[in-house]
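Peer 1: Letter by letter, the chains look like this.
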Amino acid sequence: MTKLLITEITRMGPAFCVIGLQREQQKIQSIRPVPSSANGWMYFPHHRGDILECALAPFPGAKPHIEDRVSTCSFEKSSTLPEAETVSYLRKAEMAQSLPDLFDCPIHENKKGSGLFAMPHQAKRSICGCETQNLRLELCANELRATLALPSEEALRDLPVVDRDWRDFIEASLSPGRGANRVARLDRFLNSQFHYKIMSCPHHFIRLGLTRPFHDLCWLMLDTLFPLPRPEWLEEF
Amino acid sequence: MNDSRFPLSSKKDSRRRLVEDCFRREAGSVASIPGDTIDLIETGILDSMAWVSFLRAVETAGGVSDLGSGLNERSASLGEVLAALRNSASDISSADDASLIQKISSSRTKAVLIGSSAVLGSRLLPSEEVDRAFGMPVGKLRRRAGIESLAYAAEGENELTLAAKAAQEALRAASCGAQQLDWIVATSETHHDYPSLSAQFHSRLLVRENCGALDVGGACLGLLNALVVAQSLIGSGQAQTVAVVTADVHSRTLTPGRVAGEFGGLFGDGASAFLLRGANSLGTTGGYLLGEFIFGCAGQYAAAIRVSDAKDGSLNVQFDGEALSRAAITRMEKVLASVELRSGIPRGSVGGFATHQPNPRLVALLAKQCGVSPGAFPPVARTSGNLGSSTCGAALHETLRSASKQVSGDRRPIFLASLGPGLLFGGGWLTPND
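From first to last, the protein sequence lines are chains A and B. Going by my numbering, the first sequence opens with residue 1, and the numbers climb by one from there. Going by my numbering, the second sequence opens with residue 1001, and the numbers climb by one from there.
Chain A extracted, bound-state conformation (with noise of 0.2 Å):
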């Protein structure tokens, strides 16, 4: 049995996205459970944090999610780590402190509008950590999307956010029940509270996927953004 700490659930499309960390002798690695017939979980009832017990088969996935792992039997949750320590777990597994050494593979950009993407066969891994010196979300168009900066100061724009939780939050604020002008008051406090609640949060941290190859590209996403929005903060707004 291998325990893997949970740290990303990520929604694509109907399904979910799972990845969490597994002690390797001194390392800490980043790993994809995948159930044998897809690459996703239409159901997983668990949370960031948690502690699963589980049996991983290698799975010969392709490049550049060299993460994937066959699970071959239900999730047995052992125990939960609080937030802050679960980031201190992600920060020693897999980080980058600039564009190129995210999957240690020149990033591009779209070059008919916007979005970053990888090359399937350069990109080393699909998933990576990174603090950043400024982030923001946006609704565009009905879409959420994130702009970062990074510590080399590079610029990350219009990437999708697929974190479950935050999109939950997003989808929450915007319920008919929240009364008028929602998109209006989200805005706001995208632009105001959320700011300072994450950027002055001791363990702010992200971490960026790359999408499977779609057309023979990889692209850029937010996959986890901590902290995690509480329910507490739809009330402020």
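I should point out that these hints are in silico values taken from the structure, not numbers from a laboratory. Values in this document were obtained by computation on a predicted structure and should not be read as measured data. Be aware that a few hints might be false.
Stated by the list, open to error - Some chain A residues flagged as far from chain B (calculated, every beta-carbon gap over 10 Å):
| id | residue |
| --- | --- |
| 1 | Glu109 |
| 2 | Leu116 |
| 3 | Trp233 |
Stated by the list, open to error - Pairs of lysine-lysine residues, derived as DSS-like cross-links and limited to a Cα-Cα distance of at most 27 Å, are as follows:
| id | chain 1 | residue 1 | chain 2 | residue 2 |
| --- | --- | --- | --- | --- |
| 4 | A | Lys92 | A | Lys111 |
| 5 | B | Lys1368 | A | Lys112 |
| 6 | B | Lys1368 | A | Lys111 |
| 7 | B | Lys1405 | B | Lys1110 |
| 8 | A | Lys92 | A | Lys112 |
| 9 | A | Lys27 | A | Lys63 |
Ideal placement from N, C-alpha and C gives every residue a C-beta, glycine not left out.
Given chain A, work out where chain B should sit, using these hints.
Peer 2: Relative to chain A, chain B alone:
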């Protein structure tokens, strides 16, 4: 199904053209245009990545800053994009509000470029001599970068003298006296002294005391920054006549021993000057009308080039030539595509491309990527090296000089595009004022 919010126009307006062009760039050039009410995401025509990418392209080409927020809680349809574009501050003319646009635009004075000049450092060195000076294999600059010679400032020449010489020639070409200048807008990536270049230039040219003097930055993008400032001064009625000058003397900063030859060896010295005047000023005929400008900063390339002073007086240079080359080509191509979309001028009908020229190899590659003749790019970097902010200036002057040989009516538009560390980018266009 007709929706009253999306009026059908018998005459295809320019907003619709722009939206459709951006859609085809995203969906493919042979893609058919969906109906105005079709939800592009629900129907799978675009995925969510492509939808946002398409909107960003419309924003850039349409000069709209925040189209996406206006489309929240709306369907992902072309009709909604058009409606949001119509509601935005964009001043792209359309068939249905042309008269309003006419009123707005007529209240702002257009700027006309009436005179230009460019000068180079008077010491012309074969690139092999520069190879040797930097301790590089002889022939490297020619083979790798395509640079045949470099223009270096001679003793007694500096940013001020080169800028003054260029300005005097531009004034003479425009039959304009220095005392007619209301503003001087100067830019340089090598002049860091005080008084600033614009102040020194003001005194050297002996313009009126109440002529304003302003320095703008942006390094190689400096000319475009300066032009848009001048255009704004004229448009707002603050000035009738503005001189824009660029001047760069790299050969005294990027010296052997201080920087690597692969970087320092690319640069030469030069200056350029342009006179701009309000289109409504007495005697303003001919020349080229300044169109709109597009600006921005592609921060993902911020680490590709960095230059800073070290404590010991040396220079810290971070230069990832390969990444910068890739970034330069991609971004300039993108800028030129946006200029094409925004202006409605097909690139094939452009008379010349006055762009930044990091090195001749990249210019050739850019021409190839854009599908235009390399001959439409004046060969500035090949014979003089990268002149910083003056590269674009020298290229623009050369393009204008070629155009001046043509009869009125045959002259064609000019596209501008440049980059600066950051990666700052900008583009624009000029059309003959016939």
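Peer 1: Please go over all the hints and tell whether each is borne out by the structure.
Peer 2: Now for the hints, and whether the structure bears them out:
Not every CB of chain B is more than 10 Å from the CB of A/Glu109 (nearest about 6 Å), against its label as outside the interface. Non-interface call for A/Leu116 relative to chain B: violated, since the shortest CB-CB distance, roughly 6 Å, does not exceed 10 Å. Against chain B, the non-interface label of A/Trp233 holds: every CB pair exceeds 10 Å, the least being about 19 Å. Restraint check: the Cα-Cα separation between A/Lys92 and A/Lys111 comes to about 35 Å, which exceeds 27 Å; the hinted pair is violated.
A distance of roughly 17 Å separates the Cα atoms of B/Lys1368 and A/Lys112; the hinted pair therefore holds under the 27 Å criterion. Proximity of B/Lys1368 to A/Lys111 is assessed by CA-CA distance (about 15 Å); at most 27 Å being required, the pair is judged to hold. The suggested pairing of B/Lys1405 with B/Lys1110 holds, with an alpha-carbon distance near 24 Å, which does not exceed 27 Å. In summary, the hint linking A/Lys92 to A/Lys112 is not supported, as the alpha carbons are separated by about 37 Å, beyond the 27 Å threshold.
Between the alpha carbons of A/Lys27 and A/Lys63 the distance comes to roughly 21 Å, so the proposed pair stays at or under 27 Å and holds.
Hints 1, 2, 4, 8, counting from the list given before, are not met by this structure.
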